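For the protein sequence lines, the chains are A and B, in the order given. Heads up: the first sequence is residues -7 to 490, going by my numbering. Heads up: the second sequence is residues -7 to 490, going by my numbering.
It should be emphasised that the hints constitute simulated quantities derived from the structure, not laboratory data. Check each hint, because a few of them may be wrong.
Note: identical chains are not told apart, hence a pair may lie in one copy or across any two.
Unchecked claim - Quick list of in silico lysine-lysine cross-link-like pairs, DSBU-like style, CA-CA up to 30 Å: (1) 177 / 389; (2) 334 / 45; (3) 177 / 334; (4) 389 / 453; (5) 177 / 30; (6) 453 / 45; (7) 45 / 389; (8) 45 / 177; (9) 45 / 30; (10) 30 / 334; (11) 177 / 453; (12) 334 / 453; (13) 334 / 389; (14) 30 / 389; (15) 30 / 453.
Note that the coordinates shown come from a computational prediction; the quantities given were computed from them, not determined experimentally.
There are 2 protein chains.
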Amino acid sequence: MGSLPLDASLRPLDPEAFAGDSRAIVDFLAEYYRDVDKYPVRAADLEPGRLRKLLPEAAPEHGEPMEDILEDVRRDILPGLTHWQSPSFFAYFPMNGSAAGFAGEMLSAGLNVAPFVWVASPAAAELESVVVDWMGTLLGLPQRLLFSGGGGGVLQGSTCEAVVCTLAAARDRALARLGHESIVKLVVYASDQTHATFQKGARLVGIPPSNFRVIRTTSASGYGLTADDVRAAVDRDVARGLVPLYLCATVGTTGLGAVDPVRELGEEARRHGMWLHVDAAYAGSAAICPEFQGTLDGAELADSVSMNPHKWFLTNADCCCLWVASPGALTSALSTDPEYLKNVGTDGTGKPAAIDYKDWQISLSRRFRAIKLWVVLRRYGAVGLRAHIRRHVTTAKWFERTVAADERFEVVVPRKFSLVCFRLRERFAGDDAADELNRELLTAVNASGRAFVTHFVVDGKFVIRLAVGGAMTEMRHVMDVWELLQASADHVLRRYSY
Amino acid sequence: MGSLPLDASLRPLDPEAFAGDSRAIVDFLAEYYRDVDKYPVRAADLEPGRLRKLLPEAAPEHGEPMEDILEDVRRDILPGLTHWQSPSFFAYFPMNGSAAGFAGEMLSAGLNVAPFVWVASPAAAELESVVVDWMGTLLGLPQRLLFSGGGGGVLQGSTCEAVVCTLAAARDRALARLGHESIVKLVVYASDQTHATFQKGARLVGIPPSNFRVIRTTSASGYGLTADDVRAAVDRDVARGLVPLYLCATVGTTGLGAVDPVRELGEEARRHGMWLHVDAAYAGSAAICPEFQGTLDGAELADSVSMNPHKWFLTNADCCCLWVASPGALTSALSTDPEYLKNVGTDGTGKPAAIDYKDWQISLSRRFRAIKLWVVLRRYGAVGLRAHIRRHVTTAKWFERTVAADERFEVVVPRKFSLVCFRLRERFAGDDAADELNRELLTAVNASGRAFVTHFVVDGKFVIRLAVGGAMTEMRHVMDVWELLQASADHVLRRYSY
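Chain A on its own, in the form it takes in the complex (with noise of 0.2 Å):
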């Protein structure tokens, strides 16, 4: 079948020959996890150019078998790719997937139906509006986020496109009042751990560069935003005639996993007629553990919350909740209503509660995430889902002692999560090299091919990131990175030592 001419009659969607196409992806991703331990963690053929070299100039002009497809798969693009999937990537935050996650988004892709307005997939929407509740009950968030208390979510493929959809609600909130030309007066604060993602998102709706704050943070507040800071910035813009537009609010920062108090920054925030926003990408799964929903607390001063799944919660990519207080101040911003869009011969039936999502997001068409989202909570449930952030949690902890133990290693910032920030000590370099030292340390690993990690730089060092969260990272493969930290520490040590 695979392997006949499909130029003349092409059925697209014949489903004996859909189940052998598929059939054959199954068992070559069944094989890829089999041996995903096997490759060099990140690419290790990392010259640009390279596959533009392996691949023909044109599409071919005509159809050819999966097999020979899959076959160019593992040859030319598999050992260019640097392997999420992998049990030893511990870089950036991981984006692991799993059987329901990948289950998931096989009903998403192969129904392919686009929720963008009720009547375009009605059990689509409504199971989305029903996950964000779950979710967001989950993770201990106030009623007033949910469906259920007068707020209400929506699944985004990011949380940069979360934040530009409340950037631009909060925008246009105050824009009403003020009028378009007090663009330029508007402020937005974060912290210099807030995600580079969101300045971007205040640029692109607007704001002026120069109406950014990135207020700084210390170790003194284990590099969270205090509301202080936040006040003495807020009150000298308004002082200079500045308008106060949006805070953000991360909980578990990228480069060192950190937390801002969302209450004192909340109510900092009401003070000055602010939007709050809290940034859980990463973080945000651990709240489904009553022992990190502590980090949410003060939550319902936020005017929007988001996290993503597809992160540290087994939902392969892509999936961010966003879960907003006031939907009308988001659709204001988002809402369009083309004569092609209108649902006729629908109306009467109840329309009012029936939500369009696409007046919640930036694009108008949209996949169905719920359904991946919705399989990944059935298939593993609540129970399950914990076991797993405390595995990785756990073993994060393991690390973050072994290495305090090893008196050449520092911990730099306490762990609150599964990221563990460390770095060679300094004593073993002058001041000046040991910068140097933990680059090549970094480097040294990452070339090993047997772990990716990546780094940070926090109050002028350089230091050395782990982030566990692997779908399939046990225990042996964190014991393995530490031993080939300090196989690699050694080696570079040396070459200071004399």
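With chain A's structure known, arrange chain B on it following the hints.
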């Protein structure tokens, strides 16, 4: 395996468990495609709140077997979906899937890599740059929009994202010259046929809503935007001290399938230093056939062009190609360079040629969409894909001719691609009643469950749109919907005839 409780020792990517769950979904979807024409095309049960009532109030505590989950999909979710893959789905524009598109999506979701910076998955970034060049070449785009000619392309999730990114690029290019406070002077131009998301995008990037020029089109130009009308609008704005920023031309508008004259509009845009974007979301797919490439004539004058393989090109959602003549203009507006994304230890490998695609889009995180489009192109080949497009065009031609031959109906605007716009003639009802008549006809057809069509309003007239493009749609399905339309027309007209 599937029924074991998973709470205790979740192994989310165990290859055996993965293969078991995934094969169950393949079988489920193959059965779905086999039976999809038995479901009412538009969701039968449109009562908001129906699904919420059927589902539990919270996520389950314990994991459940896949077979139970699929049983619930069958019972609770499928009846509430509008079936976009039904051969009798003629609404909006198609969003057709295919075995190859699905296989590509499985590879993307299964490998689950995030190629946001080069090192995070070099082969994924590079395959993307290759595949957008392949697509551009197939469409006959000018060299300057391809990497091979100094431009370049990126895969986004939707046209809306592409429009937001290019608007931001155009805006920042202008504001670098004029200063940020001039944002209130920037004017964007489109026609009354341009997709509503263009206005949404312009508003998102901070263009004042009062600076959107919606230029009226008429039947004289086939509802295409004329250069004369653009010039008149621009001259008025320039005289008022405003700054023309961006002109959006559409090849294949949503309402009527109209085509704006790209070359003339490009010349006009150049005259005023405006960014010209060509939105070929739907009809761009047709340009793989030489007989349709004329619609993109003049694209060498465009700053950017976009089209959606996820519409009519057998590439399951989501996938939008965006090509730009000046990648630097795009990345100037969208770049970020935080420490945690810097590529330590990979410099000196020719990094300048490597692409960090995060700087070509709104979000940081991104899916490996390139492999999906690549599998579609490989599996079906250009010959197969052209046959697919031509089959739909031929079918739509038959439908147009048949409707025109029935004296009760009129074709409202000549068909250009696979979209036919028609209505019951006015003489069968009083002028006021004609719209109501067609509205009733539409409602009757959709309520039957045997087909789903949507509508548009042009020159105050309510018209019915029939967009051919489903992966399973054959001539017999179009003949069926014509029969249904005739029978429904008989029924509706009978009520008006006395």
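Cross-check of the supplied hints:
{"no.": "1", "hint": "177 / 389", "verdict": "neither (45 Å within a copy, 55 Å between copies)"}
{"no.": "2", "hint": "334 / 45", "verdict": "between (49 Å within a copy, 26 Å between copies)"}
{"no.": "3", "hint": "177 / 334", "verdict": "neither (37 Å within a copy, 32 Å between copies)"}
{"no.": "4", "hint": "389 / 453", "verdict": "within (23 Å within a copy, 68 Å between copies)"}
{"no.": "5", "hint": "177 / 30", "verdict": "neither (54 Å within a copy, 57 Å between copies)"}
{"no.": "6", "hint": "453 / 45", "verdict": "neither (40 Å within a copy, 55 Å between copies)"}
{"no.": "7", "hint": "45 / 389", "verdict": "neither (45 Å within a copy, 42 Å between copies)"}
{"no.": "8", "hint": "45 / 177", "verdict": "neither (50 Å within a copy, 46 Å between copies)"}
{"no.": "9", "hint": "45 / 30", "verdict": "within (25 Å within a copy, 48 Å between copies)"}
{"no.": "10", "hint": "30 / 334", "verdict": "between (53 Å within a copy, 26 Å between copies)"}
{"no.": "11", "hint": "177 / 453", "verdict": "neither (35 Å within a copy, 44 Å between copies)"}
{"no.": "12", "hint": "334 / 453", "verdict": "between (56 Å within a copy, 15 Å between copies)"}
{"no.": "13", "hint": "334 / 389", "verdict": "between (54 Å within a copy, 27 Å between copies)"}
{"no.": "14", "hint": "30 / 389", "verdict": "within (26 Å within a copy, 55 Å between copies)"}
{"no.": "15", "hint": "30 / 453", "verdict": "neither (33 Å within a copy, 64 Å between copies)"}
Against the hints set out earlier in the document, violations occur for numbers 1, 3, 5, 6, 7, 8, 11, 15.
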